[in-house]
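Position chains B and C against the provided structure of chain A, taking the given hints into account.
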Amino acid sequence: MISPVKIWRNQKHIAKQLGQTGKIISWSLIRVPPEGFSEQAPYPIAVVELTGKAKILAQVVDWKINELHRGQKVKTVVRKTIEATQDGVIPYGIKVKPI
Amino acid sequence: MNITVLGTGMTVFGERWETSPRALARDAVKQAIVDSGCEHKHIQALYVANMLSGMLGMQGHLGALFAEELGLSVPAYTVEGACASGGLAIHTAVLGIMSGQYDTVLVLGVEKMTDHKPEQVSSALMGAGSNEERLAGATFPGLYAILTRSHMEAYGTTEKALASVAVKNHYHASLNPKAQFQKSITVEAVLRSSCVADPLKLLDCSPVTDGAAAVILSKRKTNTGVSIIASQVASDTLGIAERESLTTLIASTRASEKAFIQSGVSQKDIQVVEVHDCFTIAEILALEDMGFVKKGEVGNRISEGEFTLGKAKQVVVNSSGGLKACGHPVGATGVKQIVEITNQLRGRCKSRQISNARVGLTHNVGGTGATAVVHILRKDTI
Amino acid sequence: MMGIVSYGTYVPQYRVSIEEIAATWKKDPDEIKRALGVAKKSVPGVDEDAVTIAIEAASQSLSLFDGSASKIEALFVGSESHPYAVNPTSTIVGELLNIGHAYLASDLEFACKAGTAGMQMIAGLVGSGEIQYGMAIGTDTAQSKPHDALEYTSASAGVSMILGKQNVIARLESYTSYSSDTPDFWRRDGIRYPSHAGRFTGEPAYFAHVMGAAKRLIEKANIDVSDIDYCVFHMPNGKFPREVAKRLGFLDTQLKQSLIVDRIGNPYSASSMMGLAATLDSAKPNKTIFMVSYGSGAGSDAFLWKTTPGITLFHAKQKRLGCFVENQLHHTRDISYTEYLKHTHKL
Chain A
1237 MISPVKIWRN QKHIAKQLGQ TGKIISWSLI RVPPEGFSEQ APYPIAVVEL TGKAKILAQV
1297 VDWKINELHR GQKVKTVVRK TIEATQDGVI PYGIKVKPI
Chain B
6 MNITVLGTGM TVFGERWETS PRALARDAVK QAIVDSGCEH KHIQALYVAN MLSGMLGMQG
66 HLGALFAEEL GLSVPAYTVE GACASGGLAI HTAVLGIMSG QYDTVLVLGV EKMTDHKPEQ
126 VSSALMGAGS NEERLAGATF PGLYAILTRS HMEAYGTTEK ALASVAVKNH YHASLNPKAQ
186 FQKSITVEAV LRSSCVADPL KLLDCSPVTD GAAAVILSKR KTNTGVSIIA SQVASDTLGI
246 AERESLTTLI ASTRASEKAF IQSGVSQKDI QVVEVHDCFT IAEILALEDM GFVKKGEVGN
306 RISEGEFTLG KAKQVVVNSS GGLKACGHPV GATGVKQIVE ITNQLRGRCK SRQISNARVG
366 LTHNVGGTGA TAVVHILRKD TI
Chain C
39 MMGIVSYGTY VPQYRVSIEE IAATWKKDPD EIKRALGVAK KSVPGVDEDA VTIAIEAASQ
99 SLSLFDGSAS KIEALFVGSE SHPYAVNPTS TIVGELLNIG HAYLASDLEF ACKAGTAGMQ
159 MIAGLVGSGE IQYGMAIGTD TAQSKPHDAL EYTSASAGVS MILGKQNVIA RLESYTSYSS
219 DTPDFWRRDG IRYPSHAGRF TGEPAYFAHV MGAAKRLIEK ANIDVSDIDY CVFHMPNGKF
279 PREVAKRLGF LDTQLKQSLI VDRIGNPYSA SSMMGLAATL DSAKPNKTIF MVSYGSGAGS
339 DAFLWKTTPG ITLFHAKQKR LGCFVENQLH HTRDISYTEY LKHTHKL
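Residue numbers (the working numbering), protein chains in the order written: chain A, 1237 to 1335; chain B, 6 to 387; chain C, 39 to 385.
It should be emphasised that the hints constitute simulated quantities derived from the structure, not laboratory data.
We put the CB at the ideal spot given by N, CA and C, even for glycine.
Hints are not guaranteed to be accurate.
Keeping only pairs whose Cα atoms sit at most 16 Å apart, straight-line, the calculated EDC-like set for lysine to aspartate or glutamate is [claimed, not checked]:
#1 B/Lys299 with B/Glu311
#2 A/Lys1291 with B/Glu137
#3 B/Lys46 with B/Glu137
#4 C/Lys380 with A/Asp1323
#5 A/Lys1289 with B/Glu247
#6 B/Lys122 with A/Asp1323
To be clear about the criterion: a stretch of chain A counts as covered by chain C if any three or more of its residues have a C-beta under 8 Å from a C-beta of chain C, and this derived list gives those stretches [said to hold, decoys possible]:
#7 1251 to 1263
#8 1305 to 1311
#9 1324 to 1331
Excised from the complex, chain A in its bound form:
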């Protein structure tokens, strides 16, 4: 079970990152996921430069293959991240979606 306290601390940062746009700098498609991501695989991850120049590493959602390229515009959204156990707290986090 993921620590609810860690989830709580992490989620305090989400509000700041929500509602931002940016562009993909580089990406890869994860076909062999780590624990806690098997339902979501395969999924792309990308280094994204947000307007304001900060860079993040995030999962890409609602994507089409032709949207995975350097320069693709994206926006930040909130989604579930690590798959929680049946009785655990659900972690939410920032992912990016092509626009």
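Quick look at chains B and C alone, frame taken from chain A:
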């Protein structure tokens, strides 16, 4: 600096189902002690390099554990820096000797990775990355794949060039009785292997391995010995999003520059290197970032067979088979690199011996480049 | 004067067609489309849930709102797919949208009318002057058992309505509710899929309550159906809202802008609210909207809205930001039945 490598030892690397971490350690250390001509009582401290024992096996406090296991009642330390744990332990041991606190010390790198499911190991290895990377579902192949893509876009590096790195290292490993994969492979086989994280395929990635390596370091001189003449460490951001560049691991550049200055040698003086090829792209980055080859030019030269035993014009890279083919028991790798270079400089590598090895370099990286450790070793002349 | 000051919607982009579902169970898709009046239904992404969908809709309503998130003093989220049996969806939404800490939060459940129940409760708080602005959200990732009839319609979406007294774009002229104990559709705690009582969900359930609430509202507000410009009803399928509209004397032209069910199926707590949003999207000033929701178990919430001149400016903002319901319905991705099972965690 002049720290003598008195003795070396390493286990066979591979899926060692029946061999516990304690047994792996005993095997490597026994070889090192015999090789050194030392006795137990001469060893004054123990440095243990390991990354995953706490995370996967719930066992920490490895300094105390292995000191007891090896019958050494000495100060014992555990050093961790993800995949650079081995190099960092060597560096820490060097500092221990340079401080005047110890004359002779034992460095043991040991890792047991096959006791757990691949997905668990993959997650545990992400302990070397940032929390943001873990929450994104990133894996090491994925992060290095991002670096690969950027490198391809910037320099035209091809999948074939990447595959050539794996082919070369498998060829070298086929000559190494301690390697995990003692079998050559072809470029076609690499290109055909299944995609793990686009564009990196299964055969672009180093395996999951059990193994241990040990070296005894001393301020004592020996006639036919090998010395460490530079030991340098550099750091960079934990996650790749915060890096200045996605096509350079600047920690490698910084550590190697300091090592060249410390040792007084430069790239052209070096005949053999063991670099951190956790993924094929990492070998390309290593040679570029340490100034052996210009940025973007490794790809072509590797495809043509350069850096291979018997064909290399400049330097042989990863004569042991590297992480890719010799195997990558995370904590042991940095120590194993010292073992390989030492034995190349002593002429003990048999069918994979480089004919004129006088100076060698090891390059050990933690995570996606957050830590880099570079050692330079030289054969002592009488 | 009190009413809607802003609203936002979200529909996940994935769609599974009736044909795809029917093919698995070897049923005739045309017959099902005729019986249910639905062509496709919306499916959430594997990492979406009622919380993330609520955040999307609320986010949109806040981007069109003339004020900061901290002005919201009450937040109610209605759903039948709250991720937790105990732990509020509303505070996760509030926290991640930076609403601050000075607000009343509560989660509601009442099958498909949990969202509209929230709207009436917010209306009470705003109307009494206790709060200035409140937000009511209806959000769902509706579940249904494979092979069950509900599989063709149970969909996913979210709608957020902000109510207040200033800058009102649709005034709340009158509202009422009609409730009874009618077990037409239910889900026991800990049980994964809902159950229903077949044809019992029709006349004694949906029609009795929608008609009951509608008649009460007509009487209370003292209006004539022919004076009303638009109507919106809960849409469990394409047939029921059309039938109840006819029975009440409404025409096709009054109902048609609300019929999102034809394109996305039934997103439960977001259904009638989405119909309202779609209607508001194209409504000119001074138009009346008659709205009745339905929640199994059972009850109906009825509202009479009247748009204000302020809605013109609101439409301009929506246009600039691409925030109409139509924008949500535009970018879609068809998926297979197997992918649908994967997305809804049945695989």
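Cross-check of the supplied hints:
1. B/Lys299 with B/Glu311: 14 Å, holds
2. A/Lys1291 with B/Glu137: 11 Å, holds
3. B/Lys46 with B/Glu137: 47 Å, violated
4. C/Lys380 with A/Asp1323: Distance of about 21 Å is beyond 16 Å: violated.
5. A/Lys1289 with B/Glu247: 11 Å, holds
6. B/Lys122 with A/Asp1323: 22 Å, violated
7. 1251 to 1263: holds (count 3)
8. 1305 to 1311: It is violated: at least three residues are needed, and the stretch 1305 to 1311 of chain A offers just 0 whose Cβ sits closer than 8 Å to chain C.
9. 1324 to 1331: Coverage by chain C holds here, the residue count being 4 at a Cβ distance below 8 Å.
Consistency note: the structure conflicts with the earlier hints numbered 3, 4, 6, 8.
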